[in-house]
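Student: Sequence:
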Amino acid sequence: MRFRPHASGKPSNKATSRAPDTSFFDAIREVVITLDESDRIRYLNQAWQTLTGRPVSESLGKPLARFIHPDDRSALVAKILELKSGAIREFSMEVRITSNGNETRWAEVNLQPAPGVAGIGFVGTLDDVTPRKIAELSLRNINRDLESRVRMRTAELEASNRELEAFSYSISHDLRAPLRSIDGFARILEEELDAQLTETSRTHLHRIRNAADRMAQLSDAMIAMASLSRQSIRRENVDLSELVTQLLEELKEEDPNRRTEIEVTAELVATADRSLMRVALENLLRNAWKFTAQQEVTRITFHAERQDEQRVFIISDNGVGFDMAHAGRLFEPFFRLHDPAVYQGTGIGLANVERIIRRHGGHIWARSSPGQGATFFFTLG
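Start counting the sequence shown at 1; every next residue gets the next number (full-length UniProt numbering).
These aren't lab readings, by the way, just hints derived from the structure by calculation.
As the structure is a computational prediction, the values presented were derived from the model and not from experiment.
If a hint is listed, it holds; no wrong ones were tucked in.
Here are the computed lysine to aspartate or glutamate pairs in the EDC-like style, where the Cα-Cα straight-line distance is at most 16 angstroms:
#1 133 / 108
#2 62 / 39
#3 133 / 103
#4 79 / 37
#5 290 / 261
#6 79 / 108
#7 84 / 36
#8 252 / 282
#9 84 / 39
#10 290 / 255
#11 79 / 39
#12 290 / 249
#13 79 / 90
#14 84 / 37
#15 79 / 94
#16 252 / 263
#17 133 / 94
#18 252 / 296
#19 62 / 37
#20 62 / 36
#21 290 / 253
#22 290 / 250
#23 290 / 254
Simulated restraints, written as ranges between beta carbons of each label pair:
#24 329 / 93: 55 to 61 angstroms
#25 232 / 204: 43 to 49 angstroms
#26 188 / 329: 36 to 42 angstroms
#27 232 / 70: 47 to 53 angstroms
#28 156 / 188: 46 to 52 angstroms
#29 130 / 37: 26 to 32 angstroms
#30 358 / 53: 56 to 62 angstroms
#31 305 / 214: 34 to 40 angstroms
#32 263 / 214: 30 to 36 angstroms
#33 185 / 358: 38 to 44 angstroms
#34 136 / 156: 28 to 34 angstroms
#35 136 / 329: 42 to 48 angstroms
We treat Cβ as the ideally placed atom computed from N, Cα and C, and that holds for glycine.
Turn these sequences into a full structure, and let the hints steer you where they fit.
Tutor: And the structure:
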């Protein structure tokens, strides 16, 4: 409430008396107050006693600052000085009021000068905002408690993830030696017993060696995935178009007879970790290369566009595609959408891509349909 005095309703000049007609002001919920030029209280309505627990008669003639919490007094006095100097025309601020029973309540103080009113320097209101402040403080405490719990749970989760990654790394690393032994002894048997082996026995030995080789590849993939989580991110300006072009040239060298149609939008630069982005792009492009192998012409494109105020990078191919019913599991480790006998791989590649994009604060998703190629979208934070 803004209280503006009029000549016909001005308070009495006596510092210890009430205004002649107070019935209107006593019906108001907010405290109505006037101060003299020395900041002493000249008038109060009955809402003052409700707010402070102090009788009006005992409060008149005393400085307003006397009833303000010590920590808030200097700020209030500074604002009143600004009013006196003409630096401001009015102000509103929240202060703590010390009540008669030493209970602290919150009030919103609104003051402005009262020019032309004899004996009155300032006029205004005090509005009790204690319930709102209590609610705000309670909410702040709840938020602080929730933040503390989230930090604790996050720390626990990070510790568990570190332990799991360390365990995966250890297991994968420790598997290498026995896998080499299995493959080595199977090869020795194959060489030493070559003349005595039946076709069935030879097939069994081949299967043993192939299984050991596949297990070694999975072990290496798990070690690589664990290392991606531990590697720190060093952001710099990275020309993703240049990386994509280099990687596609390397893929062409592996299969020089393949017919290709490549479209790469130039100078798509992002702030990212160069080495990690190379790993992510290589996995995406190798996927596109692998699943377009049966096409007469391999078509791969790389470009970017704006979606919902974000720049989205897009890699598309004309390969075998996949059923979107399985899209939710696309980035799970070891999940395979296609026959591994036809399309070789460890099933780790897209999981690594998702982890790298997530570590950059981004998101990755895909769209496809069987026989219609696949399109991968990703953002970088």
